[in-house]
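Enquirer: We have chain C already, so just place chain R on it with the hints.
Top line first, the protein sequences correspond to chains C and R.
The number in my numbering is simply the position in the first sequence, starting from 1, with 524 added.
The number in my numbering is simply the position in the second sequence, starting from 1, with 524 added.
Quick caveat, the hints were computed from the structure, so don't treat them as lab data.
Here a beta-carbon is modelled for each residue, glycine too, at the ideal position from N, C-alpha and C.
Some hints here could point you the wrong way.
Stated by the list, open to error - A few chain R residues facing chain C, derived, Cβ under 7 Å: (1) Ala605; (2) Gly614; (3) Leu627; (4) Ser632; (5) Phe648; (6) Ala651.
2 protein chains.
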Amino acid sequence: MNEEFHFSRITALAGGVGGAKLASGLSQLLGERLTIIVNTGDDFEHLGLRISPDIDTVCYTLAGLSNPETGWGRANETWNALKTISALGGLDWFQLGDQDIGLHLERSYRLNQGQPLSKITQDFCQALKIQSNVIPMSDQEISTWVFTENEELPFQEYFVHQQCQPNVKGFRFEGADDAKPAPGVLEDIAEAEMIVICPSNPWVSIGPILAIPGIFDALMDKQVIAVSPIIGGKAIKGPAAKMYSELGFTPSALAVARQYTDFLSAFILDQIDQKMEKEVQKLGMQTYITDTIMKTNRDRIRLAKEVIEFGERLIKR
Amino acid sequence: MNEEFHFSRITALAGGVGGAKLASGLSQLLGERLTIIVNTGDDFEHLGLRISPDIDTVCYTLAGLSNPETGWGRANETWNALKTISALGGLDWFQLGDQDIGLHLERSYRLNQGQPLSKITQDFCQALKIQSNVIPMSDQEISTWVFTENEELPFQEYFVHQQCQPNVKGFRFEGADDAKPAPGVLEDIAEAEMIVICPSNPWVSIGPILAIPGIFDALMDKQVIAVSPIIGGKAIKGPAAKMYSELGFTPSALAVARQYTDFLSAFILDQIDQKMEKEVQKLGMQTYITDTIMKTNRDRIRLAKEVIEFGERLIKR
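This is chain C alone, in the form it adopts within the complex (with noise of 0.2 Å):
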């Protein structure tokens, strides 16, 4: 744990595993000083299982327990279950490791019981040892929606099934409408000192938090940065830059902070996307320009150090 900063709280929203490299270094940095609030658009049940892939991913990656390969799931996993399900013919395209299996089964047993996603999310964290606080952006289910050319697909329909293949045209947020913010949320962007949004994609990890009421609200009082999800017009992961595209706007850091400028206060760019640091300036916000791209832990580390002291500055300005 660093004591450097002068900052006794900070809140990040994440999504998934970009957003979640940085919570991690984030949460290196500041353990329990930290509060991650994590989306849950992408959540859905499967084989009666109720999945929740940032929560596990930012969880995973916190505990050190994410695979390093595909950013999704558990090191060392085994796919036993799997195997069986699909030699008994059954559901077989969403892939579940056993260790990953075993997490979904208790969570979904306690919410059949009635228990809250966050409860239940909390209890986890602790089993697993991680010392900042990770609360589902709701504990009422929410549901992402991708329009496309043709039809209207649930999230991992879209994102994992038909692996982001469709042409989008737009999303909708099923039951963000007349969800509340779980318990601790408001409260947490309210205390904290600074916020941070994670490289996570805009439209689908970021956009569902956003879309709950009270949340954008609370951001516009406060000192809130982001972290480009968008290199070089490019994703490091997933379909940002593509659902840009497709959506009529040049993929890019530009685009990302003209999404967010009601409530951002200041941006950090990638070295190579310096060229736009201006653009983003006429927007009414900060910049800084570093290396955002995390390869190793040591990476995340650095740039979370980065963010922090970034804003520990322009709070002293």
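Expert: Relative to chain C, chain R alone:
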């Protein structure tokens, strides 16, 4: 497949490990000429999974997939899901291997979709390349409850969690009165030239099958041969002998024969119980003495062959 038998249709009633062994011997000799009606009174829901222990023991044994050391579960099993559940503080008293969980997930998913257990079991048997017909006694849920001195326990709570420690005072097969035999059960009994009651626990494996309206009556006109699950006053496995004692009976092959008197044509005793042969005959049954202990697959086939040949000799008389 052995073609030397005259019988074209045999139906067996079976529960757990001992019954599955004889069923396996019969299946290797008879293939699709054999139907096995299996107890589902032990079925229960655990961690949201619908588990059918006796069906699985029969199917795994017939498919050559069962764990020869435990008698339940699968050979070459891994335990990574259960280890994860345990690490998360979840329910880990019921041993579920990863392959086993795969099957339970697929079964539970299909049941929740409204598919009947008999259809699912048939599909699983086909996937596992089992030639004989395995039919659950009913598609409706029937739950065995165990009366103990102080309370009434669900079967698996008594059997696995409390390891058969409580004194047994009686049984109740919840839902049996209103249940129907699964499709094919009564037809297979009617068409069979011989019914074999496998060496399964008469109280909690065969008892629930007989408790379903129609099945007991269907046996009355048939040639029914039972193989004693009690050998030298003991059960090879499980609490059958202990149950006889606690219910006020001396555990013995004779006690089993008495329990089945109403419908039994003939009874097969182990050679160690030869002294009881005349007492059994006094009940109005034919008898046959042999070595009924099945340690190897050769034993299963040998005993199955003797059972069939004994049945054929009885018909000719």
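Enquirer: For every hint, state whether the structure bears it out.
Expert: Hint check:
1. Ala605: Holds, because the Cβ-Cβ distance from Ala605 (chain R) to chain C comes to roughly 4 Å (cut-off 7 Å).
2. Gly614: holds (4 Å)
3. Leu627: holds (5 Å)
4. Ser632: holds (5 Å)
5. Phe648: holds (6 Å)
6. Ala651: Status holds, d = 5 Å.
Against the hints set out earlier in the document, no violation occurs for any number.
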